[in-house]
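Novice: Protein sequences, first through last, are from chains A and B.
Everything in the first sequence is counted per this note's numbering, starting at 1 for the first residue and increasing by one.
Everything in the second sequence is counted per this note's numbering, starting at 1001 for the first residue and increasing by one.
If you're looking for bench data, these hints aren't it; they were derived computationally from the structure.
Be aware that a few hints might be false.
Selected chain A positions facing chain B (in silico; Cβ < 8 Å) [unchecked claim]:
1. 155
2. 198
3. 319
Built from N, CA and C at the ideal position, the CB exists for glycine as well.
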Amino acid sequence: MAQANPLHTRLCEAYGVEYPIVAFAHTKDVIAAVSRAGGIGVLGAAGLDPEEIRSAIHWIRERVGDRPFGVDLLLPASFVEGNAEDLEAQIPDGHRVFVQRLKSEGNIPDPKPLDKPPTSGIGPDMLRRARAQLDVIFEERVPIFASALGSPAFLIERAREAGAPKLWGLIGLPRQARREIEAGVDVVIAAGSDAGGHSGSIGTFSLVPEVMRLARGTNTLVLAAGGVTTGAHVAAALALGADGVWCGTIWQATNESETEPFQREQLLRSNSEDAVQSRASTGKPVRMIRSKWSEAWKQPSAPEPLPMPLQGMLVADIQRAIKDHRVEDWQGVPSGQGVGAITTVKHASQVVLDMAEEALGTLERLRVEPVEA
Amino acid sequence: MTLEAGERDQARIEFVAAHAGRRATCEGGGHAGPAPGGAQVGARQRYVGRVSGRRMVYGDPPWPFLELTDFTERPEGATEERIWCDEANLFFDDD
Ligand SMILES: Cc1cc2nc3c(=O)[nH]c(=O)nc-3n(C[C@H](O)[C@H](O)[C@H](O)COP(=O)(O)O)c2cc1C
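The following block holds chain B by itself, in its conformation from the complex (with noise of 0.2 Å):
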């Protein structure tokens, strides 16, 4: 995550010794952009891997988000090796 100086505060990395290599899907997703006509639309795209214990938390209220990595599925076309999910939006395969 690429943050500023002065917002590092606000997002706080720890590590969580309990969610490491636990399999999960992310179903995640953000804003894709402008489409025709100019309205911003959003996409879902789904990731499924390993959670490397680090958990991301931005701001107050926190928001807390969960990097997974390893992936077995990832959206077609994608190359990235990490994403950081919102916690909410992440399913454990052992839960």
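With the rest of the complex left out, here is chain A (with noise of 0.2 Å):
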């Protein structure tokens, strides 16, 4: 009897892909080659501006054709009143001390001038960049627009409206995928603690079946994400039921990503114990690859990182400087814990084949054939 394709899955079925591979990354280069390859590639686009998003569509359209990709974008899911003004009044001398101090010990050079102004982490500035963000994702009918933290569940009548985008939503925690399932979001990510970047406190093993339980019976599809880096990973996340698997990390480390030639060394000498989490960046814990920069702020003699968005105020210039002049030892890229399972660069379409070669191996290997009566 022909045996079904385990690797086409709802996902597959409801977004006419080959795999249920989804790529996160920053670079539009990654997200055209996996979505190319028979994957679904996501722009990380927080950081963009309305046009310049705009036209990294027009980029990825022009390379994909009418197959599936997405945007992905931080709406807030709290924030707090104030002004940069009033915030800056609030870091203590000390902590500018400090930091003056590491500037000095590390030789690390002024940064270069800013061609534009920072992105304020501020409340209102949040909501404004959101909404002129969001408009653009539905003015250029982008197929898939992911919130990375707040539930996209108020998008829903525009998009259904509109027949764009479908709205997929990253969740850290049960109750809120029970609210986002509830509101008809059409993919929730659950993402767990093991993952790079911003993660909750559930283990991906563990969240993925309560997801899945909380989903049966609906029309939305759930996928794994945290340490998802081999085709190993992706058959493990099938088997606890997921539709499909979500990864960041792995992406860093192929040949299409902007990342760094050094940051790429990082990624593949390091194992599980060396993607540490750090709040010296942004004030909240960042899991990222140990660097002088992340030990520095655990020295005895270091002040407790501000709560965010201070942190990030004190600190904005000499991680500027450290990526301007490229002071390799003092960045630590960000990962998830599945790191240790990187060790080659390859291209993006590779990777998204050879995942599901191994998938679809792991998968024959523990088919247990029916035994005859």
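Build the complex: two chains, separate frames, hints provided.
Specialist: Have a look at this one:
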């Protein structure tokens, strides 16, 4: 009897793709390569202005044609009132002195001048900016919109009326998933604590089956995220009942990614223990590869990092300088705990094909032939 | 919320008496800024407190937020006394 293809999940059916593999990345070349290879690429566009998003969409569309792709934004799930001047005044002098000390000890030059003002992480700015970015996604009829934090549920009516985009939401807790499923969000991405970037407190293995139970009998599909770097992880996610996987870290180690060569090297030589959570860059824990920067904030003489958004304001210039002047040992690339499985740099399309082949091989090995009665 | 003049019509603030005083958790968070290497990252932040009853609806389609205050739990190091929480991420204790 012919076996059905176990990789052909409901996600493949609903979006007309070959593999249930979704790539989150900040480089548009990765997005185009993944969508062309039979997966789905979703561009992290939180740092882009509306017109930059528009031109990235045009660029991707020229390369992928009718194949699905998406854009991801950081919609706020909460925000604080206030303005930048009031907040600046709350930064203690001792913290400023400490940052100056790191700058001179590390021989870190001044940052290059900015060609546009930095994006503020402060409440009202986030709303204004998100709205303007969302308008472009609707105007350009992007097939998929993914929301990193806030629920995309308020956009459902507009999206249904317009016929696009499909709405996807990242969640870290079952109750967030329940809300989004009840609202009729098209896909929930259950992101476990192993993930790179922002992550909740529940591990992928525990979160995914719980979210699957909540989605059972509804039209909402579920993707597993956090630590997915190989085909064996894809097979495991499908075994947990997921309709596919969403991964981030692995694409930073592809030829198409704009990741700096030394950052790729960091990813290749790191394992799960090196992917530490540090509050030193933003005030909130971000999982990244250990570096002189993350270590400096752990010294006994270091002050506690400030809360968000003060820490980000405090360190914005030095972080920019570290990046501008490629001060390599002071930069730790954001990474999930699955980093230990990344051993070579490949083309993004090859990552998709290898993951799919390994997933099929894994599932084949596990398949138990029915015993003759 | 410090909104500029032309935007005031976009943000409607109303009072929802039925919610005022109810205890709730906000599974919040937002844009945290650039991480090393420059990629923008977000962060999840949990607050537990009391809903003031103020509700802010921003733009069209309406994007609703509820005000949470009197915190019994705040993210590490946070000092703010009130936040606006995305209504879809606010969970009442008595629900
Ligand atoms: C450098 C980096 C930046 C990230 N920024 C975002 C973001 O802007 N929006 C978002 O939804 N998720 C972001 N994430 C999280 C990813 O969407 C995804 O959930 C995560 O990478 C999955 O775990 P993995 O890294 O183990 O594959 C980021 C992840 C990394 C590694």
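Novice: Determine which of the earlier numbered hints do not hold for this structure and return their numbers in increasing order.
Specialist: Violated: none.
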